[in-house]
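Chemist: Single-letter residue listing:
2 protein chains.
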Amino acid sequence: MLALHGRVAAPISHLGTKHQGRRAVQLFGRPTSTHKQARSAVTPMAQKRAGDEEKMALVNKAKCFIFDCDGVIWKGDKVIDGVPETLDVLRSLGKKLFFITNNSTKSRAGYLKKFQSLGLPVQAEEIYSSSYAAAAYLESINFQKKAYVVGEEGIQEELDLKGIKHIGGPADGSKAVNLKSGEYMHHDPEVGAVVVGFDRYINYYKIQYATLCIRENPGCLFIATNRDAVTHLTDAQEWAGNGSMVGAIMGSTKQEPNTVGKPSGFMLDNIANTFKLQKDEICMVGDRLDTDIMFGKNGGLSTCLVLSGVTTEETLLSPDNKITPDCYMGQLSELMSVKDKLKVAA
Amino acid sequence: MLALHGRVAAPISHLGTKHQGRRAVQLFGRPTSTHKQARSAVTPMAQKRAGDEEKMALVNKAKCFIFDCDGVIWKGDKVIDGVPETLDVLRSLGKKLFFITNNSTKSRAGYLKKFQSLGLPVQAEEIYSSSYAAAAYLESINFQKKAYVVGEEGIQEELDLKGIKHIGGPADGSKAVNLKSGEYMHHDPEVGAVVVGFDRYINYYKIQYATLCIRENPGCLFIATNRDAVTHLTDAQEWAGNGSMVGAIMGSTKQEPNTVGKPSGFMLDNIANTFKLQKDEICMVGDRLDTDIMFGKNGGLSTCLVLSGVTTEETLLSPDNKITPDCYMGQLSELMSVKDKLKVAA
Numbered sequence: 000m001l002a003l004h005g006r007v008a009a010p011i012s013h014l015g016t017k018h019q020g021r022r023a024v025q026l027f028g029r030p031t032s033t034h035k036q037a038r039s040a041v042t043p044m045a046q047k048r049a050g051d052e053e054k055m056a057l058v059n060k061a062k063c064f065i066f067d068c069d070g071v072i073w074k075g076d077k078v079i080d081g082v083p084e085t086l087d088v089l090r091s092l093g094k095k096l097f098f099i100t101n102n103s104t105k106s107r108a109g110y111l112k113k114f115q116s117l118g119l120p121v122q123a124e125e126i127y128s129s130s131y132a133a134a135a136y137l138e139s140i141n142f143q144k145k146a147y148v149v150g151e152e153g154i155q156e157e158l159d160l161k162g163i164k165h166i167g168g169p170a171d172g173s174k175a176v177n178l179k180s181g182e183y184m185h186h187d188p189e190v191g192a193v194v195v196g197f198d199r200y201i202n203y204y205k206i207q208y209a210t211l212c213i214r215e216n217p218g219c220l221f222i223a224t225n226r227d228a229v230t231h232l233t234d235a236q237e238w239a240g241n242g243s244m245v246g247a248i249m250g251s252t253k254q255e256p257n258t259v260g261k262p263s264g265f266m267l268d269n270i271a272n273t274f275k276l277q278k279d280e281i282c283m284v285g286d287r288l289d290t291d292i293m294f295g296k297n298g299g300l301s302t303c304l305v306l307s308g309v310t311t312e313e314t315l316l317s318p319d320n321k322i323t324p325d326c327y328m329g330q331l332s333e334l335m336s337v338k339d340k341l342k343v344a345a
Numbered sequence: 000m001l002a003l004h005g006r007v008a009a010p011i012s013h014l015g016t017k018h019q020g021r022r023a024v025q026l027f028g029r030p031t032s033t034h035k036q037a038r039s040a041v042t043p044m045a046q047k048r049a050g051d052e053e054k055m056a057l058v059n060k061a062k063c064f065i066f067d068c069d070g071v072i073w074k075g076d077k078v079i080d081g082v083p084e085t086l087d088v089l090r091s092l093g094k095k096l097f098f099i100t101n102n103s104t105k106s107r108a109g110y111l112k113k114f115q116s117l118g119l120p121v122q123a124e125e126i127y128s129s130s131y132a133a134a135a136y137l138e139s140i141n142f143q144k145k146a147y148v149v150g151e152e153g154i155q156e157e158l159d160l161k162g163i164k165h166i167g168g169p170a171d172g173s174k175a176v177n178l179k180s181g182e183y184m185h186h187d188p189e190v191g192a193v194v195v196g197f198d199r200y201i202n203y204y205k206i207q208y209a210t211l212c213i214r215e216n217p218g219c220l221f222i223a224t225n226r227d228a229v230t231h232l233t234d235a236q237e238w239a240g241n242g243s244m245v246g247a248i249m250g251s252t253k254q255e256p257n258t259v260g261k262p263s264g265f266m267l268d269n270i271a272n273t274f275k276l277q278k279d280e281i282c283m284v285g286d287r288l289d290t291d292i293m294f295g296k297n298g299g300l301s302t303c304l305v306l307s308g309v310t311t312e313e314t315l316l317s318p319d320n321k322i323t324p325d326c327y328m329g330q331l332s333e334l335m336s337v338k339d340k341l342k343v344a345a
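If you're matching them up, the sequences are chains A and B in order.
Here numbering that gives the first Met the number 0 is used: position 286 in the first sequence is 285, and no number is missing along the way.
Here numbering that gives the first Met the number 0 is used: position 183 in the second sequence is 182, and no number is missing along the way.
Keep in mind the hints are simulated off the structure, nothing from the lab.
Any given hint could be a false lead.
For chains that are exact copies, the list does not tell them apart, and a pair is met inside one copy or across any two.
Unchecked claim - Derived pair list, reagent style BS3-like, types lysine-lysine, alpha-carbon separation capped at 30 Å:
hint, residue 1, residue 2
1, K77, K179
2, K179, K112
3, K340, K95
4, K95, K62
5, K47, K145
6, K278, K179
7, K174, K275
8, K253, K174
9, K161, K275
10, K340, K321
11, K342, K47
12, K47, K95
As the structure is a prediction and not an experimental result, all values here were calculated from the model.
Bound-form chain A, shown alone (with noise of 0.2 Å):
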């Protein structure tokens, strides 16, 4: 589950897996009708918890870890049982630790606090937000131009660390479109991106200027952090994600964006490519199979379903679910039960 703000995150919410299932179904078809055959034939991995064997050979395999937060490391405002001690083991095996969130709304370092805040040791290089990723790839394509933020601060402190050029972001929140007789929008022709992100502070006037600089400047990007539908901006309810923001600039422009959050790729390459790792070498450890273990999966990753989030072990296990992570726990500390026969990394 995605954290979008680091104080209030949802608990385990019946709307996430509500939702959760939907997309499922909607993804891979109906659900087979006899559900013993269906449950055998596409689950043979997770039919049952890992045992000593698994986490073994999971911990073993992996160089790398990738953890998504909420419903993973933390839930709401409280760090899970036995998490801190899982990542001090994990470290002294010399794994490399990511944290990653399709939250754009902070950089890394904003994130970092929240991670301070819970007592989690943890550097900003090792926390992968989606603000970062927007700003890594306008960077891994040596982007000299001008981006247009539809977004919050995090994007622009990302982007300010990339030395990227950008307009717009929350200065133009208040800003509203005068529609007198012959009202004529300028928008800076340098623009050559627009970063589109969870703004609560949408409007028309963002709405167009994007739109304005996506179809009049020659080869303008269109890049979203993310394009989930649902957040958790407090711990009370769902609300509407990025999916709106991207949305409506995709209607106007009638283009599709390029994501670098989740499910996307970007991320995950940019850490491989940055620290030297092959896919197979990273495990993937999520609360969400259609978001996390999706993404691990089509990334090549080892994956690790964990149930101190959103997913059930009933959900998991439905012959509804086709979507199967190569081993599942309760939660991450399950792991400290083989501790201490677990090797190094090489």
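Given the structure of chain A, go ahead and fit chain B onto it with the hints provided.
Modeler: Same frame as chain A, now just chain B:
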């Protein structure tokens, strides 16, 4: 070309033409390399302007004309030459006339003022705005619940005329979401339809409210007045259209809307059913190939393109264009050359 505002609609727009060209290519694949071959293969009926014979055939066959307005009836603030006289002749022959627009910001009554200000004698019942279409659609399914409106006053006025309860609309234009921890947005469980029209005051509050209704209220409908990428808010440039508002709600609900305006056939079916017309007794007159003419052809109508709006003769006859109207002429008043040879409708 669809005008959004009475007083301010674009003249022939390079943007409109460019966009139209793009969409035509997108819809119908790559241009053929041999121009002459392609032209004769795909545009057998519209290689030259309609002569008297074609005009007479067109008018005598039609019991009813449906006109797109901007680029056909008027351009910006000016009635196109000879239009009032031509409408008079068609009326004198007993033809039914309808004027359709994807504009949802005004009601029929609101739009009537535009006609009146231009000296065009038209009845409100002859105007089919997409705001009216939304209300007519809900009436057609005997809708008894409440509608949540993302849009401007036109939709509300039409819902009032049909006696349909509604909330949202302009009243929610200044509302903001307070994102303190624990914040929960309540929504009305009686909302059974979200109607999304163009809304220059789109904000996150409305997006979230609409999303909650669609996701949480069992069976809640998602109705789009239209999904136009751009519209002509002012005469100086094109503006992001209702495609943006609809895209925002699609992005958070992952649902497709039911569209009642062009190019969907609802308005057409509504006219045909209400006035007991066969589809081939209706002639669609428009200035855009990819909306007006496509709309007419998809609905089984006769189609007539006029060159008084965004489409040039060059675009029409280009091998890139695969949308062929039954006939075309420079402007509507060219029908006047055969006025003495026309038959009164049966």
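Chemist: Decide, hint by hint, whether the structure agrees.
Modeler: Comparing the hints with the structure gives:
In this homomeric assembly, K77 and K179 come within 30 Å of each other (Cα to Cα) only across copies, at 18 Å, whereas the closest approach inside a single copy is 52 Å. In this homomeric assembly, K179 and K112 come within 30 Å of each other (Cα to Cα) only across copies, at 18 Å, whereas the closest approach inside a single copy is 46 Å. With identical chains, the CA atoms of K340 and K95 are at most 30 Å apart within one copy only, with a shortest distance of 19 Å there and 86 Å across copies. In this homomeric assembly, K95 and K62 come within 30 Å of each other (Cα to Cα) only inside a single copy, at 6 Å, whereas the closest approach across copies is 75 Å.
In this assembly of identical chains, the alpha carbons of K47 and K145 never lie at most 30 Å apart, being 51 Å within a copy and 48 Å across copies at closest. For the identical chains of this complex, K278 and K179 are neighbours neither inside a copy (56 Å) nor across copies (40 Å), given an alpha-carbon limit of 30 Å. For the homomeric pair K174 and K275, neither the shortest alpha-carbon distance inside one copy (45 Å) nor that between copies (49 Å) is at most 30 Å. For a Cα distance limit of 30 Å, the shortest separation of K253 from K174 qualifies both inside one copy, at 24 Å, and across copies, at 29 Å.
When the C-alpha separation of K161 and K275 is checked against a cutoff of 30 Å, the pair qualifies only within one copy, where the shortest distance is 21 Å, while the shortest distance between copies is 65 Å. Within a single copy, K340 and K321 get their C-alpha atoms no closer than 32 Å, and across copies no closer than 69 Å, so neither meets the 30 Å cut-off. Taking identical chains as interchangeable, the C-alpha atoms of K342 and K47 lie at most 30 Å apart only when both belong to the same chain, with a minimum of 24 Å there against 80 Å between chains. Within a single copy, K47 and K95 get their C-alpha atoms as close as 27 Å, which meets the 30 Å cut-off; across copies the closest is 70 Å, which misses it.
Of the numbered hints stated above, those contradicted by the structure are hints 5, 6, 7 and 10, listed in ascending order.
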